[in-house]
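**Q** The lines below spell out each chain.
Number of protein chains: 6
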Amino acid sequence: MTADLSPPRDDFPDIDAVVRELAAARHDWRSAHHRLNEPGPRELPSRERVAEIVEALRGVLYPMRLGPADLRQEHENRYVALTLDTALGVLLEQVRLELAWEARHIAAEGAEPLPRGAEAIVTDFANGLSDIRRLLDTDVLAAFNADPAARSVDEVLLCYPGIQALIHYRIAHRLHLLGVPLIARMVSELAHGATGIDIHPGATIGERFFIDHGTGIVIGATAIIGDRVQIYQAVTLGAKSFPTDAEGRAIKGAPRHPIVEDDVVIYSGATVLGRVTIGQGAILGGSVWVTEDVAPHTIVSQARMRSVGQAEERRTA
Amino acid sequence: MTADLSPPRDDFPDIDAVVRELAAARHDWRSAHHRLNEPGPRELPSRERVAEIVEALRGVLYPMRLGPADLRQEHENRYVALTLDTALGVLLEQVRLELAWEARHIAAEGAEPLPRGAEAIVTDFANGLSDIRRLLDTDVLAAFNADPAARSVDEVLLCYPGIQALIHYRIAHRLHLLGVPLIARMVSELAHGATGIDIHPGATIGERFFIDHGTGIVIGATAIIGDRVQIYQAVTLGAKSFPTDAEGRAIKGAPRHPIVEDDVVIYSGATVLGRVTIGQGAILGGSVWVTEDVAPHTIVSQARMRSVGQAEERRTA
Amino acid sequence: MTADLSPPRDDFPDIDAVVRELAAARHDWRSAHHRLNEPGPRELPSRERVAEIVEALRGVLYPMRLGPADLRQEHENRYVALTLDTALGVLLEQVRLELAWEARHIAAEGAEPLPRGAEAIVTDFANGLSDIRRLLDTDVLAAFNADPAARSVDEVLLCYPGIQALIHYRIAHRLHLLGVPLIARMVSELAHGATGIDIHPGATIGERFFIDHGTGIVIGATAIIGDRVQIYQAVTLGAKSFPTDAEGRAIKGAPRHPIVEDDVVIYSGATVLGRVTIGQGAILGGSVWVTEDVAPHTIVSQARMRSVGQAEERRTA
Amino acid sequence: MTADLSPPRDDFPDIDAVVRELAAARHDWRSAHHRLNEPGPRELPSRERVAEIVEALRGVLYPMRLGPADLRQEHENRYVALTLDTALGVLLEQVRLELAWEARHIAAEGAEPLPRGAEAIVTDFANGLSDIRRLLDTDVLAAFNADPAARSVDEVLLCYPGIQALIHYRIAHRLHLLGVPLIARMVSELAHGATGIDIHPGATIGERFFIDHGTGIVIGATAIIGDRVQIYQAVTLGAKSFPTDAEGRAIKGAPRHPIVEDDVVIYSGATVLGRVTIGQGAILGGSVWVTEDVAPHTIVSQARMRSVGQAEERRTA
Amino acid sequence: MTADLSPPRDDFPDIDAVVRELAAARHDWRSAHHRLNEPGPRELPSRERVAEIVEALRGVLYPMRLGPADLRQEHENRYVALTLDTALGVLLEQVRLELAWEARHIAAEGAEPLPRGAEAIVTDFANGLSDIRRLLDTDVLAAFNADPAARSVDEVLLCYPGIQALIHYRIAHRLHLLGVPLIARMVSELAHGATGIDIHPGATIGERFFIDHGTGIVIGATAIIGDRVQIYQAVTLGAKSFPTDAEGRAIKGAPRHPIVEDDVVIYSGATVLGRVTIGQGAILGGSVWVTEDVAPHTIVSQARMRSVGQAEERRTA
Amino acid sequence: MTADLSPPRDDFPDIDAVVRELAAARHDWRSAHHRLNEPGPRELPSRERVAEIVEALRGVLYPMRLGPADLRQEHENRYVALTLDTALGVLLEQVRLELAWEARHIAAEGAEPLPRGAEAIVTDFANGLSDIRRLLDTDVLAAFNADPAARSVDEVLLCYPGIQALIHYRIAHRLHLLGVPLIARMVSELAHGATGIDIHPGATIGERFFIDHGTGIVIGATAIIGDRVQIYQAVTLGAKSFPTDAEGRAIKGAPRHPIVEDDVVIYSGATVLGRVTIGQGAILGGSVWVTEDVAPHTIVSQARMRSVGQAEERRTA
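Chains as they are written, first to last, in UniProt numbering: chain A, 1 to 317; chain B, 1 to 317; chain C, 1 to 317; chain D, 1 to 317; chain E, 1 to 317; chain F, 1 to 317.
Because the hints were derived from the structure by calculation, they are not lab data. Don't take each hint at face value.
Since the list gives no way to pick out one identical chain from another, each pair is judged satisfied if it fits inside one copy or across any two copies.
Here are the simulated SDA-like pairs of lysine to any residue, each with C-alpha atoms no more than 25 Å apart in a straight line [what the hints assert, rightly or not]:
no.: 1; residue 1: Lys240; residue 2: Leu141
no.: 2; residue 1: Lys240; residue 2: Ala146
no.: 3; residue 1: Lys240; residue 2: Gly253
no.: 4; residue 1: Lys240; residue 2: Gly202
no.: 5; residue 1: Lys240; residue 2: Cys159
Hey, can you work out the whole structure from these sequences and the hints?
**A** The following block contains the structure:
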């Protein structure tokens with residue numbers, strides 16, 4: 001087989017020296033960020049636990065489609081109750097961690113602390129779940145109606161990354177509103193990683209929202225989107241310039257992303273920047289660049305292509 | 001450590017009430033979609049099982065590169081036979097589920113049922129595997145030849161997301177043709193999630209296809225792509241407008257995506273929409289927007305940039 | 001339940017025939033690529049093992065944020081030492097595999113062999129880890145300062161895909177320089193899959209680099225990026241045409257990607273191609289297409305949109 | 001079957017030769033046992049699946065003690081219903097396998113086939129579960145009352161191997177009576193492996209049965225044990241001689257193990273063999289050897305020790 | 001609690017009815033044992049968590065033999081510190097659960113509550129770990145010296161079930177003394193299940209204790225064993241009769257198991273019952289039955305076998 | 001080694017102090033046992049890896065009964081070849097570790113080193129596998145014939161702990177003969193833990209060996225057992241006194257366990273000690289104590305019980 005099995009490692013790194021240098025780097029960072037005095041374990045929400053919560057909630061929202069494959073419809077209420085109870089217990093723990101971390105760090109850095117208790121947040125969240133389900137149902141229907149390739153609502157629910165992103169977004173948005181923006185961000189980043197669709201939990205999105213393909217979509221934190229809107233891949237609803245403070249740091253808060261009214265369609269690669277309003281029923285063509293208001297029912301499209309000669313060269317990235 | 005351990009949860013959500021509301025939401029959806037009468041377990045193909053099948057087929061196609069790390073070449077035929085047998089067994093089970101679901105739902109919603117049996121589909125699929133392997137070999141070679149950063153065919157096979165997407169696509173396309181479009185879609189969405197490359201299983205793609213970087217590529221269901229085509233990141237081969245029925249639902253079927261002839265190169269961010277033909281050997285420059293036919297050997301490129309002054313502002317999304 | 005349990009599979013594929021055809025396909029490929037004579041197991045670095053190494057190094061670099069949730073700060077040096085020792089052991093094994101494969105295949109295909117030993121590579125890599133941490137700290141700070149939605153440095157580190165991509169890139173770049181480009185490529189592709197950000201390990205990137213959203217970013221192998229640069233989603237720093245040899249294969253090596261100087265900002269969707277220089281402090285607007293040098297402090301933006309009438313049609317991809 | 005010809009590693013076993021010899025050994029065995037003609041997968045109950053069923057039933061019987069640690073009492077009925085539904089589904093599948101195997105093999109070897117259907121067996125089993133729970137409750141109480149070291153009924157349930165063995169036995173016995181002796185045997189052997197207590201599923205045992213320590217206890221297939229019996233470690237309730245047929249094979253069936261009446265106590269190491277009756281209230285001392293009836297309320301004990309001199313030697317096993 | 005009404009499967013058990021009957025059985029038990037009023041999750045130490053603690057402590061005690069296989073000796077102190085910290089954290093949590101449960105149930109049932117805090121218990125336990133290691137070292141040495149089949153101390157540590165049982169016992173005994181007898185019992189039952197050796201945590205055992213083979217050994221809660229004692233398989237150090245109270249329940253506490261002085265050897269199958277003293281240096285032969293004191297240096301052996309004729313029958317259990 | 005100074009938690013153990021004391025205990029042990037100078041990882045065979053090997057060999061020996069549940073008989077040779085190849089690779093690695101450790105430690109402690117190479121050992125082992133299978137087949141048949149409760153050979157193979165123990169023993173014995181006694185011991189201890197049957201790998205056992213129930217059986221290292229022998233639970237074939245050296249350590253080697261000739265039956269609890277011979281066809285009754293030769297065809301049984309009065313007391317262990 002092989003004649004190897006590790007030879008002696010005389011010429012190997014001095015692990016202690018590497019550890020010391022890494023410790024020095026950590027010390028410098030912590031001095032600069034007021035984190036020197038934090039004995040004990042990390043007390044922050046955990047991405048893994050948040051992922052468990054979302055996975056459980058997917059089953060709670062759609063037990064016979066996204067729950068366990070052997071679940072029988074006769075038992076779905078029981079499954080929903082049990083799974084919800086466990087998921088809310090884990091959520092409560094994570095919410096407590098965020099609120100404590102918030103009190104420790106964010107207040108110290110100038111933001112105001114969040115006044116509500118963890119139990120109240122989790123209770124409100126649970127009470128809003130059936131609204132989330134009903135909203136998502138409108139999204140599934142919108143996709144089925146809008147996409148000629150969709151053969152059934154089941155296919156949409158099981159396969160479409162846009163729906164996966166919206167399940168995460170609608171959960172994350174509710175958590176954001178309830179005062180746990182870090183957990184909310186973790187929820188939305190899980191979808192971002194899986195689908196390439198980046199919807200900030202702070203964005204407001206109406207019913208029957210349709211995302212096609214989705215990769216590369218970015219929807220910023222203060223965007224407001226109406227009902228029956230359709231957005232294709234690589235669309236950006238972003239911010240334009242924003243003021244910075246004396247230290248060159250962005251001043252946080254304040255509306256800076258677009259308002260998209262009902263029934264707007266935005267084709268792939270379009271970019272809309274700043275607090276502009278895209279009027280009801282407008283259509284933005286692919287790859288357009290919009291930094292001003294668009295009147296209702298307007299069609300906006302890009303300058304067309306031009307031919308520049310016969311092919312003879314090749315180029316790559 | 002911590003003085004906590006959950007305090008009583010008096011102020012906690014009324015789980016029963018939440019469960020009731022979720023049940024009501026499900027009931028409304030099922031009434032609207034003719035799914036009220038479905039006791040027993042979910043009978044639909046499973047994303048997890050489909051993922052297992054694809055993982056096994058990757059090893060079957062490339063045993064010494066994508067199979068188990070300790071497999072010895074002397075035993076690769078045995079590994080291929082065993083793994084194939086298991087994978088086809090699981091596939092047979094999933095195909096049966098899709099055919100039964102198809103008979104139950106799609107027929108009810110107006111599409112015609114699929115006439116072939118599960119065994120015939122799986123048999124045809126298995127018999128086509130060596131063709132899939134030979135096609136993929138041309139893709140690997142195309143990538144190695146086209147990318148100056150590629151140091152060996154092994155690196156291409158192990159690292160390039162374009163190859164991962166093509167393995168999934170070529171499997172999915174075959175399944176799509178054989179009459180199990182839902183399983184096929186699951187196969188392609190697994191690659192979409194992992195690579196950001198969205199190739200609909202219905203698309204037709206010739207040999208020596210090269211995808212570079214890949215993130216954001218969209219290839220629609222009725223696209224037809226010739227041999228030796230190269231496509232870069234964020235290229236869309238999409239549909240233009242299509243008629244809707246009286247209820248505003250897209251009329252399904254009918255060719256609506258581009259035909260891309262042999263030897264075409266399409267650079268990053270280009271968008272081609274509708275049933276247009278990009279003639280043999282044409283080159284579409286980055287970010288161009290094409291909605292009409294392009295003659296063979298034509299180069300199409302975007303209007304150039306313009307400078308608008310000195311930098312002084314900053315903006316972000 | 002179900003009356004099934006597999007019926008006999010008379011009409012099933014002839015597994016032996018499929019195995020034979022797959023073996024024939026493999027044989028043809030191996031003949032063409034000089035790989036016929038390779039008995040024994042695959043001797044190539046493994047994506048799974050490389051993923052383990054990177055996961056461990058994330059904890060080594062940021063023990064209290066990306067290490068185990070129950071780690072107490074009092075013990076972080078111990079955790080770092082232990083984890084590092086294990087990770088470097090695995091890395092040593094993978095480096096040996098790559099060097100041996102390199103000697104076998106790449107030399108045979110014309111490239112020069114790598115002269116350094118595995119121990120020396122791993123030692124140098126370990127000694128550079130604290131520099132990587134310090135560079136990453138500047139990236140975290142840059143994101144916190146530049147993004148008005150960022151509420152704390154912890155949120156940036158835990159949630160931002162740009163930071164995840166940079167952890168991978170800075171590790172991969174070091175490995176690339178040390179002579180194990182295949183392992184380096186695996187490290188960067190793991191981030192590409194998870195974030196949609198594709199940074200080639202060969203690229204050179206200065207401190208305080210900020211990636212926002214990130215999906216679709218492509219940075220080529222010979223790109224050089226200065227300090228304090230900001231790049232948004234879907235930006236390409238790619239190559240333009242390059243010469244091919246007599247067999248139509250790209251000639252490898254040679255600078256072919258942009259130089260981006262300090263303090264440049266490149267907005268979403270911009271494409272910069274070829275060995276051009278974007279001068280210090282320049283701003284490239286969203287979706288611009290740049291193939292020539294840009295002078296320092298210049299603002300480059302796209303031609304604006306135009307309105308083409310009232311909305312009445314719909315189109316999709 | 002296969003043309004597979006792996007070349008041997010130089011200094012290593014000829015794998016093909018070993019495989020051929022093993023195949024020859026299998027062929028000889030199958031010829032001798034009428035199992036040559038069995039294409040397809042093994043169709044026998046699976047130890048792993050049976051273990052899953054028992055694990056689930058433990059939670060169904062004692063949800064707040066042997067179910068999941070985070071189960072809240074408010075939800076125990078839901079947990080019981082869901083878990084039961086899944087476990088019975090798996091049981092149904094295993095029962096079908098045993099019935100089919102029984103029809104194939106046991107009938108052929110002379111035993112009569114079992115006439116009842118799988119659904120009826122599982123239904124009867126489910127309907128008897130609350131009786132099993134009530135019986136087990138009497139066993140827990142008996143242990144608590146009899147053992148001066150037991151501090152609470154919870155400790156008995158969580159820690160005592162005798163209780164673990166009785167949970168398995170009471171389930172296995174019911175399955176044995178219902179006509180699936182192979183599954184029943186798997187259930188009891190799982191407890192035998194874990195506790196060293198070997199109770200044949202065919203044995204009949206009354207309520208308030210107390211097993212102390214338990215290791216080495218053997219209770220044979222036709223033993224009958226009354227109420228309130230106590231048995232200590234290493235007790236055997238076995239069979240004496242039994243007739244063999246012309247081929248020297250044991251003649252199966254027929255009562256051959258002891259009857260132990262109510263209130264009997266049998267101390268450690270006692271051996272009782274054959275169809276004898278230990279009368280009500282009798283006490284069998286440790287290590288006694290009993291092959292005849294014992295009258296009610298008799299005490300039987302061993303001949304006492306004798307001293308044989310001063311210690312000077314040592315011996316070991 | 002819930003209005004959930006699952007329709008029965010036709011030929012299947014009425015799950016709801018089974019659930020109701022199981023709930024009734026639980027209700028009866030809880031009424032009888034004062035456990036009706038326990039909403040929320042089970043608050044008892046968990047066998048799984050206790051198993052994790054013991055597994056970690058095995059590595060802490062013998063890092064280079066029972067710790068992770070790739071641990072390098074250079075790092076063993078770090079491994080010990082990290083693993084200990086985590087294990088003590090989990091232990092603290094389990095100790096708190098036991099103390100709370102003790103206060104709730106045992107007090108109610110008449111025993112006195114335990115006055116010490118969880119932190120103090122865990123601290124004392126940790127401080128005693130090196131004593132446990134030193135004691136275990138004497139046990140390993142005793143086995144190596146006493147067993148002619150032992151080829152090295154490493155073999156003893158890695159393979160001998162007696163050592164496994166003693167690691168558990170010495171941990172469990174310390175926990176028992178510190179006031180957490182339920183956790184202690186779980187620790188010892190884990191070894192009982194794995195080795196067939198049942199040592200009650202309450203027993204007192206001196207140094208250089210040697211257990212050979214071990215299966216079936218029982219050592220009772222109040223036994224006291226001196227130094228350099230050797231015990232073979234199936235030895236019982238048990239209790240004789242003890243008084244019961246008016247309800248027939250054993251009166252708990254009070255010494256009732258043997259005292260075994262230094263240098264005693266007890267061969268396989270011997271049974272010693274009651275508060276008798278086996279004097280220093282005595283030897284108890286295999287299978288003897290002892291219920292009275294044995295003077296120091298005495299050899300006790302069983303009455304010898306007798307031949308009863310020619311073999312002609314066969315018997316089995 | 002490290003300057004690591006974790007501050008103690010207030011009310012908690014001083015982890016550093018505990019670590020120091022544990023290190024001191026290790027140091028003392030290592031000084032006494034010549035193990036101070038062993039940097040690097042543990043280089044000893046691993047119980048986990050050995051368990052994997054045995055699990056694989058079980059499938060190799062009985063593919064359609066102990067292999068994967070979904071294996072189809074058509075593919076069993078392929079499964080056997082692949083599994084064997086992997087298992088032998090792992091075995092080779094473990095054999096190398098044992099040989100190296102042997103050279104380091106055992107030689108130092110006085111035993112002679114083993115001269116054969118790892119490849120030769122593994123090759124011989126593989127070549128003997130079909131003999132092991134044929135021997136095991138005789139054992140299965142013996143159990144089926146001897147046990148009136150056995151309903152089929154499949155039940156014996158799937159459920160009987162005696163068969164499980166013999167699979168391990170026959171593998172372990174072969175490894176012991178080939179010169180890797182530590183790995184062999186690990187194999188047999190895995191069965192000891194699972195079944196309570198302790199057969200030393202050095203023992204010699206003929207064909208058609210039948211073990212019933214099995215718990216507590218001990219068969220010593222130099223025992224020799226003929227063909228068609230039957231042994232019941234709790235039987236000991238052990239050693240009597242043996243000489244010790246000047247330091248009181250057992251002198252190792254030399255025959256010290258019984259010879260049991262063909263066709264002997266030994267009933268439960270019997271103890272046979274020393275190098276005595278139990279002649280062909282003899283029957284040893286339950287619980288007998290034998291330390292002298294027994295002539296062929298003799299029946300040996302215990303003195304019978306006596307009744308000592310009426311029951312009125314209770315006793316427990």
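**Q** Does each hint hold? Answer for all of them.
**A** Evaluated hints:
1. Taking the shortest Cα distances, Lys240 and Leu141 sit within 25 Å of each other only across copies (21 Å), while inside one copy they are farther apart (33 Å).
2. In the homo-oligomer, the alpha carbons of Lys240 and Ala146 lie at most 25 Å apart only across protomers (13 Å), although the nearest pairing inside one protomer, at 31 Å, exceeds that limit.
3. Proximity of Lys240 and Gly253 under a CA criterion of 25 Å is satisfied intra-copy only: 14 Å inside one chain copy versus 38 Å between copies.
4. Taking the closest pair of Cα atoms, Lys240 and Gly202 come within 25 Å of each other only inside a single copy of the chain (17 Å); across copies the shortest separation is 32 Å, beyond that limit.
5. For a Cα distance limit of 25 Å, the shortest separation of Lys240 from Cys159 across copies, 23 Å, qualifies, whereas the shortest one inside one copy, 34 Å, does not.
The structure fails none of the hints (numbered hints given earlier).
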